[in-house]
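The listed protein sequences correspond, in order, to chains G and W. Quick note: the first sequence uses our numbering, first residue 1, plus one each step. Quick note: the second sequence uses our numbering, first residue 1, plus one each step.
Don't read these hints as lab results, they were simulated from the structure. Keep in mind the model is a prediction, meaning the values are calculated, not measured. By construction, the Cβ of each residue, glycine as well, lies at the ideal position given by its N, Cα and C atoms.
Partial chain W-side listing against chain G, Cβ under 10 Å, derived:
| # | residue |
| --- | --- |
| 1 | 143 |
| 2 | 148 |
| 3 | 163 |
| 4 | 243 |
Lysine to any residue pairs mimicking SDA-like chemistry, simulated, CA-CA at most 20 Å apart:
| # | chain 1 | residue 1 | chain 2 | residue 2 |
| --- | --- | --- | --- | --- |
| 5 | G | 148 | G | 86 |
| 6 | W | 314 | W | 297 |
| 7 | G | 197 | G | 174 |
| 8 | W | 111 | G | 227 |
| 9 | G | 148 | G | 98 |
| 10 | G | 160 | G | 191 |
| 11 | G | 31 | W | 220 |
| 12 | G | 31 | W | 218 |
| 13 | G | 135 | G | 146 |
| 14 | G | 31 | W | 225 |
| 15 | G | 31 | W | 215 |
| 16 | G | 202 | G | 371 |
| 17 | G | 31 | W | 295 |
| 18 | G | 414 | W | 223 |
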Amino acid sequence: MTDASQTAGPMLAADGTPLKQSLARSLRRQKLRALFLIAPLLIFVLVSFIVPIGSMLFRSVENSIVRDTLPLTVDALQSWDEKSGELPDENVYEAFVRDMIVAIENKEHTRLGSRLNYEETGMSSLFRRSGRQIKKLDPETDGPFKEKLIDIHDGWGDVKTWQVIKTHSVPITNGYFLNAVDMRRTPDGPRMQPEDKRILVKLFGRTLFMSLVITGACILLAYPVSYLLATQPTRVSNMLMILVLLPFWTSLLVRTSAWKVMLQQQGVINDTLVWLGLVADDARLIIINNQIGTIIAMTHILLPFMILPMYSVMQTIPPSYTRAAKSMGATNWTTFWRIYFPQSIPGIGAGSILVFILAIGYYITPEIVGGTKGVFISNRIAYHISSSLNWGLAAALGTILLAVVLILYWVYDKIVGIDNVKLG
Amino acid sequence: MAALTPISRKPLSMVLPSVALAGAFAGIFVGAGNGSVPMGMIGGAILTAGLAWFYISVLRNERLAYWINILGFGLAGFLFTGIGGGILGLLGGWFFVWFTYWLYEGRYRRKLLPYLTAQQVFFHYLFRVICGAIFVFLITPILVVLPLSFNAQDFFTFTPEMLRLDPEGYSLKHYQDFFTNNEWQRSFKNSLIIAPIATIISVSLGTLAAIGLSQSHVPGRRAIMAILISPMIVPLIISATGMFFFYSDIGRFLEGTLGFNKTFVGYLKVILAHAVLGIPFVIITVTATLVGFDRSLTRAAANMGAGPVRTFFKIQMPLILPGVISGGLFAFITSFDEVVVVLFVGSASQKTLPWQMFTGLREQISPTILAVATILVVISIALLTTVELLRRRSERLRGLTPA
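With the rest of the complex left out, here is chain G (with noise of 0.2 Å):
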């Protein structure tokens, strides 16, 4: 480059602009270019499915409905005394008539109702039942209230009903979450669920178990198979794998319900063993709808994705090594313990994390073969979605329960990679 070195200044490209500015336009190009292809997938994934997460995130702390609906009675409520055990002043019932006689044109106070009764059993029908004769009340005309009220339904006369009302009208509540660890919000700040209510931390934490207990019986099934898979000759490993890939491409329902033939009690296991005569005809084994048709079915279902990045680590591992542990007198556990399993450790740990994470968010199998002692908090979410209604509930159990597995799938990423996912 004689030219270069004699004319001093910046190299310049081939119309005349620096190299440098000319290289960074490019580059720049490059970049802008490569947005533009993520773009419209990217869009439609923050749309369709970001989004609708941070949706459900926010909904599990809104609280907006009392306030909306009985704006004049939270304002006058504010100087009651909910710890007093007196009941509010004459201007709470009168804000409260105002307030009801509007929402029942609407066809609100139901609503209000029915999100009420998820804190204080009653409510629902205390609102539904009142409604029709307050609605007759005028407000202008034919105070006082106070004992109108009371005379239409007994609630209003109660305490706990102003309490609860207060308690709850704050418009971004903790009070769903305080739900999912079976607390609740009392005028007194937060407080246990009473005995017979406390369900959902037992939920979780069975949850939990059971999807380790999974996870375990995953790893001591898939360990000897992709021991085998990784040892064997490529032609052999490569039909061997067939038998893995099978289940791993069949559908999920298909699996389920196969199992659901394999474990009724007139089922094809019990029928075998009967027929063997190991069991007897009058004590077929119970193992569907509970714990033990979940864990088995579901072992199954997540096997291959436990056999599948065990394999792919213990491919790697050179056969060289334990035979150069042999060949300096270990003996068979120790090159196994002290040479083999180390170097397969990855491939326990990725498996391990996905089956977790998978098992913990199943929803299918455990409502077909887990009856009612063996689902899991995703059974749950999906009860209060449809058929309790309880919505907020549903998305405060959804949002801990996907704190759980990001934090997974963050240690995930810490040790495996996303990058390093592969399939089939």
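Dock chain W against the given chain G, drawing on the hints supplied.
This is chain W only, laid out in the frame that chain G set:
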């Protein structure tokens, strides 16, 4: 490598106890079926050990021993319990005579390294048996469904007729029910509408994005990747909950404000939800294919005057097509097999095949489910084969020898 290990005959003192042990184990089941487990064990041990001694010391003819044992056991099984027992007898007879000679002739060492100790040989075969049991666990549930779907009765288990291999015990009526029943047909049709459209959306958007992601300078690549993969990571029940809230609002907006047809909006919601779920699979497979893509090819095309679009369709697309197709198959199976999201987002008129199966399993349980399951297993075998063939083709195209 170890095929040339010299083998030698083993003494009877090792063969007979081993065979007797196996015989006692089999005797447990026969004995349990006939009332007394200890009697079965003793009988089994004596019978198999005696036969082994007879074949080895008296008969001294392996081929004849095979015939005698297989036919003898088969006949005994047939006389006691009919055709099913007969088949079991044939198999059992073959196994015992094979096992006897396998031990006696020392064939079990033939494929092993010559210097292994007896203990190592034992553990080698014990390990094989354990692995075999795990493979049986993996594959049995799928294999059990296939014959049960031909059941002539409305039962979920093998009837005595089926065990006797009586043709009357089998029928195609569950398949007939699937192909004539309106509800099953409608759900099948819905699946065939929703899954392909969702696949097309996720494949076209996903391929473009994967190409973008594989460029050398992408700002915030890790974050983008994490967002695009997230539908695969987030548990389905949470995705479904989020989408339930979101899509019911969107649906109300589309129907109420813009006045779209209710059915159309219903399908649109499910299709979009499924498309999102399929995207991570497309991204992963296509980026994996692009890792091995030789970028100088596109530069060469540009050098010869092809525009970016032409280069893409003529050069890049044919080379990454196998990855795109297998990503598409993953996306298709995700949508075709998905039930949680459609359960939450869809309405009754978008009932898909998995949804129909799910309600079938939960409420009015009908063996038609098993016929559907069999059809789905056949479909998944076809898909598995396609993906495997594509993988090999892709490796060949990229100049690697297929593993």
